[in-house]
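Student: Chains A and B, in that order, give the protein sequences. The first sequence lines up with residues 1 to 331 when you count with the working numbering. The second sequence lines up with residues 332 to 615 when you count with the working numbering.
Warning: the hint list may mix true and false statements.
As the list claims (entries may be wrong) - Below, in silico cross-link-like pairs of lysine to aspartate or glutamate (EDC-like), each with a Cα-Cα straight-line distance of 16 Å or less: (1) Lys130/A with Glu228/A; (2) Lys335/B with Glu228/A; (3) Lys130/A with Glu119/A; (4) Lys31/A with Glu513/B.
Said to hold, decoys possible - Part of the chain A face toward chain B, derived, beta carbon under 8 Å: (5) Ile139; (6) Val143; (7) Ile242; (8) Val246; (9) Leu248; (10) Gly255; (11) Ala286; (12) Asn288; (13) Ala306; (14) Leu310.
Note that these hints are calculated values from the structure, not bench results. Glycine included, C-beta positions come from ideal geometry on N, C-alpha and C.
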Amino acid sequence: MEAEILRDGAVLTPRYDAAPGRRPGTARVIKDHLARTGMVVISAATCLLVVLIAGALLIRSLPLLRTQSLGELLTSSTWQPSHGAFGFAPFIAGSIAVTAVAMIVAVAPAIFTGIYLSEYTVARTRTRLKPLLDLMVGIPSVVYGLWGILFVVPLVRDHVGPWIDGTLGQVSPLFRQTNPSGYGLLSAGLVLGIMVFPLIVAVTEEVLRSVPHEMREAVLCLGATRWETTLCVVRRRGMAGILAAVVLGFSRAFGETLAVMMLIGNSVQVPRSLFDSAYSLPALIANNYGEMMSLPNYESALMAAALLLLAVVLLFNVAARLVVNRLTVRS
Amino acid sequence: MNRKQRRRLQEAFFVGIMRTSLAGACLVLGTILAVITVRGVGALSWEMVSQPPESGFYLGGGGGILNAILGSLALATGATLLAMALAVPLALFMHTYLRSGRIANGIRLVLDVMWGIPSIVYGAFGFALMVFMGLRASLLAGVLTLALVVLPILARTFDEVLMMSPKDLREATLSLGATRLEYLGVLLRQALPGLITALLLAFGRGIGDAASVLFTAGYTDALPQSLTRPVASLPLAIFYQLSTPFPEVQARAYASALVLTILILVVSLLAQLSARRLGKHVIR
Numbered sequence: 001m002e003a004e005i006l007r008d009g010a011v012l013t014p015r016y017d018a019a020p021g022r023r024p025g026t027a028r029v030i031k032d033h034l035a036r037t038g039m040v041v042i043s044a045a046t047c048l049l050v051v052l053i054a055g056a057l058l059i060r061s062l063p064l065l066r067t068q069s070l071g072e073l074l075t076s077s078t079w080q081p082s083h084g085a086f087g088f089a090p091f092i093a094g095s096i097a098v099t100a101v102a103m104i105v106a107v108a109p110a111i112f113t114g115i116y117l118s119e120y121t122v123a124r125t126r127t128r129l130k131p132l133l134d135l136m137v138g139i140p141s142v143v144y145g146l147w148g149i150l151f152v153v154p155l156v157r158d159h160v161g162p163w164i165d166g167t168l169g170q171v172s173p174l175f176r177q178t179n180p181s182g183y184g185l186l187s188a189g190l191v192l193g194i195m196v197f198p199l200i201v202a203v204t205e206e207v208l209r210s211v212p213h214e215m216r217e218a219v220l221c222l223g224a225t226r227w228e229t230t231l232c233v234v235r236r237r238g239m240a241g242i243l244a245a246v247v248l249g250f251s252r253a254f255g256e257t258l259a260v261m262m263l264i265g266n267s268v269q270v271p272r273s274l275f276d277s278a279y280s281l282p283a284l285i286a287n288n289y290g291e292m293m294s295l296p297n298y299e300s301a302l303m304a305a306a307l308l309l310l311a312v313v314l315l316f317n318v319a320a321r322l323v324v325n326r327l328t329v330r331s
Numbered sequence: 332m333n334r335k336q337r338r339r340l341q342e343a344f345f346v347g348i349m350r351t352s353l354a355g356a357c358l359v360l361g362t363i364l365a366v367i368t369v370r371g372v373g374a375l376s377w378e379m380v381s382q383p384p385e386s387g388f389y390l391g392g393g394g395g396i397l398n399a400i401l402g403s404l405a406l407a408t409g410a411t412l413l414a415m416a417l418a419v420p421l422a423l424f425m426h427t428y429l430r431s432g433r434i435a436n437g438i439r440l441v442l443d444v445m446w447g448i449p450s451i452v453y454g455a456f457g458f459a460l461m462v463f464m465g466l467r468a469s470l471l472a473g474v475l476t477l478a479l480v481v482l483p484i485l486a487r488t489f490d491e492v493l494m495m496s497p498k499d500l501r502e503a504t505l506s507l508g509a510t511r512l513e514y515l516g517v518l519l520r521q522a523l524p525g526l527i528t529a530l531l532l533a534f535g536r537g538i539g540d541a542a543s544v545l546f547t548a549g550y551t552d553a554l555p556q557s558l559t560r561p562v563a564s565l566p567l568a569i570f571y572q573l574s575t576p577f578p579e580v581q582a583r584a585y586a587s588a589l590v591l592t593i594l595i596l597v598v599s600l601l602a603q604l605s606a607r608r609l610g611k612h613v614i615r
């Protein structure tokens, strides 16, 4: 076939794909439909994955749930796998306590940083600071854990611990330094707080930046200072978003495994003081997988722990994401 | 103090707090990198990164962590490629075929939620599957599980990249009579640099993740050889070396952490460079 040369020099290439007896373009349409079907399948499969994970964990934890009721499992604090007693209470308490410490450490600075990035900086500064936050997200959990062992644990043991013990410890047993090793709730919580910091910053910033500029301009026009404008923006649109950011941070911290496991001390007890060593749910799963085949129902108990973790995280995540999505509607 | 002064003071106070928070975060990041470097550099040697462990390695014997380095690279590469096979069509699908944003936003929600699921839960799920299918801890099982961890990260990052593609591109392509699939090709070319960035980010996350491969990939002192054998990984190598009581083995854990951190730094640097540099066929 020869190319037909038009008057003004443009070349009109002949069609190669038009098979005789078929309308031109049919193959393209068929391909299009096939691709569409394939991608629908992939999307549906991905979305079903969450259900599949929950289902598989549920099936594996059924043997335990048959012998003990859910309420009993959640509230009992006896953990003696060799006697078939699986009480999750110490682990739930440990997880909640260490996450709470992390949130106390991280929330205020993270929200302030998020506000600063969204309200007080120009785009250029932001693009310079973003890689730093990304790096904080990218550092592996085990490196955070190691840093905790090398830096935070001695700090807590030798300086922070005695100081808190000497001041607040005289007032409440919550702050008494009960544990000379330094491995415990405070060390793990401090490191965990640093780990979830960038997530809370990112969500806060995203939510606040979705507030229309006109609103800030209007408030600034009335003679408000930057901070008063910020308060106005936050009060009007950002409150729910910041709450969602905190919830997302909480659920991230709740599931963090390795760093917490390296720092929390791993002793099965309901913690009574900030310095007590404890045990978190993810650490329970990670620490015991080696021997879980040796005892009846042990594997089932660990799977139930994973299911519990999944349930908490799903609940928090879905709620928080729905709020964030509603606030940052894309135009 | 009059009202004006008070307001000015308030402004300065809160700006101060915000700057302190940001500076504090940077300081912490600096401390982390400094501590890991200073403590790790001592035990770092060529032998560390070029040899697998010899017998008695965990008692202070010779050898290195090549098994873990290669294992981590194999795990992360396999997982990223596997996740790519699902995540890329998924993200492109949301931007080509789905006309209303509703379903796309639903998929986004699911992906965001999957991103939030702790990797230990993926690990437990992977383990449950392994038991179900009669598999043992192996590179294959590790890759499969890690792919689940990486999938939402990759899909959402790529999705964000696609969101930045110009609207006109879609309209122009479709108005020429192209099918959606053909538009998908155009869009893919437009977003290719972004895809590479997303892949690198996912790869970096894959290298650093330990909780998901703990059950599924196992651990071994041998170099990775086959898909059905267990494989070592860097985070677990660090963890196991730390749990020994010998100071010289622990010093090696510090060095391994330095190796891991450098690896992550290089990958994230490449990701940022690729975001800026590659872009020959990109309409801005």
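Student: Decide, hint by hint, whether the structure agrees.
Tutor: Results of checking the hints against the structure:
Using a Cα cut-off of 16 Å, the hinted pair Lys130/A and Glu228/A is violated, with the two alpha carbons roughly 25 Å apart. This hinted pair checks out: Lys335/B and Glu228/A have alpha carbons roughly 13 Å apart, not beyond 16 Å. At most 16 Å may separate the alpha-carbon atoms for a hinted pair to count; Lys130/A and Glu119/A meet this at roughly 15 Å. Distance check on the hinted pair: Lys31/A and Glu513/B sit about 10 Å apart at the alpha-carbon level, within 16 Å; holds.
The interface hint given for Ile139/A is met, as the beta carbon of that residue sits about 7 Å from the closest beta carbon of chain B, less than 8 Å. For Val143/A, the interface hint holds, since its Cβ comes within 8 Å of a Cβ in chain B; the closest pair sits about 5 Å apart. Given hint, Ile242/A at the interface with chain B, is violated; its Cβ is 14 Å from that chain's nearest Cβ, farther than 8 Å. A hinted interface residue such as Val246/A counts as satisfied when its beta carbon comes closer than 8 Å to some beta carbon of chain B; here the least separation is about 14 Å, so the hint is violated.
Of the supplied interface hints, the one on Leu248/A holds, with its beta-carbon coming within about 7 Å of a beta-carbon of chain B, less than 8 Å. Hint status for Gly255/A: holds, given a least beta-carbon distance of 3 Å to chain B, under 8 Å. Proximity of Ala286/A to chain B holds as hinted, the smallest CB-CB distance being about 6 Å (cut-off 8 Å). Because the smallest distance between the Cβ of Asn288/A and any Cβ of chain B comes to about 11 Å, over 8 Å, the interface hint for this residue is violated.
Proximity of Ala306/A to chain B holds as hinted, the smallest CB-CB distance being about 4 Å (cut-off 8 Å). The beta carbon of Leu310/A is positioned within 8 Å of a beta carbon in chain B (closest approach about 5 Å), and the interface hint is therefore held.
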